[in-house]
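Q: Protein chains in written order, with my numbering: chain V, 562 to 675; chain Z, 9 to 119.
Please keep in mind that the hints were generated in silico from the structure rather than gathered at the bench.
Don't take every hint at face value.
Only pairs whose alpha carbons sit at most 25 Å apart, straight line, appear in this in silico SDA-like list of lysine to any residue [stated by the list, open to error]:
1. Z:50 - V:570
2. V:572 - Z:47
3. Z:67 - V:674
4. V:572 - Z:53
5. Z:77 - V:674
6. Z:50 - V:674
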Amino acid sequence: GAGVSQTPSNKVTEKGKYVELRCDPISGHTALYWYRQSLGQGPEFLIYFQGTGAADDSGLPNDRFFAVRPEGSVSTLKIQRTERGDSAVYLCASSAGLFTDTQYFGPGTRLTVL
Amino acid sequence: ILNVEQSPQSLHVQEGDSTNFTCSFPSSNFYALHWYRWETAKSPEALFVMTLNGDEKKKGRISATLNTKEGYSYLYIKGSQPEDSATYLCASDNYGQNFVFGPGTRLSVLP
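Bound-form chain V, shown alone:
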C-alpha cells in the first residue's frame, strides 16, 4: 500500500501570501500529525487529528496557522499572511491510533517564504 504523501514537495511564496499544504495519510490511519522542522532542529509538533477533529492544536505557533481534516483522511495545513520565519520543512505523519503507535512520515513540503 501507499505510504504518506505530501504535496507540493516544494513551495516558494512571497511574504504575505496564503499557502496550503496537503497530506494524504496511509489508508485507515485514524491519527494524523503535522510537524515543522527548521534547519538544525528536530521536528516540532504543530497539531494532531484523531479522525476529523483536532485532538490537540497546542503546537500551532499563532492564529495564522490552521489545519483541517474534514473527512478524516486528507488534511490541509493552511498558513495565512506568510512570514519569512515560516520557512521550514512541514512534515505530516499518520498512525493507526495514538502517539504511542509508530508514526509513518511523508517526505515533507519544503516551504520557502521570500
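For this one, chain V is given, so just place chain Z on it according to the hints.
A: Leaving out everything else, chain Z in the frame of chain V:
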C-alpha cells in the same frame, strides 16, 4: 515543555566501525521512546518504539537500549556502512505532553 537532547550533534565514522549515540529525555510521566532514521530527501523511517525500562531492541545491525529511570536511550550501529548515513532522531512520548523530538544526530559513514 519537555526537553529531549541528543549527542553528539554529528558524527563521522569509517566504514566498518561500530558507533553509538545518546538520547536524553525527562523520565517523569514517561510512556514511550521512539527512534527514527531520516535520510536526505526521504521520509523519516521508524526504527524502534520502546516502553519498558531495560528494553533492548534490535533490527539488523542496529540496536537500542532504554533506561527510563535515568532518562536515556542509546542507539548502537555495528559495522557501519555508507548506507547508514542519515540523521537519527529520537522522540519522547510522555503523559500529558505531545510527541517531542530531539535535534537529531547526523551520522556520516565514510567508505
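Q: None of the hints should be skipped; say for each whether it holds.
A: Against the structure, the hints come out as follows:
1. Z:50 - V:570: holds (11 Å)
2. V:572 - Z:47: holds (21 Å)
3. Z:67 - V:674: Roughly 40 Å between the alpha carbons, so the hint for residue 67 (chain Z) and residue 674 (chain V) is violated.
4. V:572 - Z:53: Distance of about 23 Å is within 25 Å: holds.
5. Z:77 - V:674: violated (43 Å)
6. Z:50 - V:674: OK: residue 50 (chain Z) and residue 674 (chain V) at ~22 Å, within 25 Å.
Violated hints for the displayed structure, listed by number in ascending order: 3 and 5.
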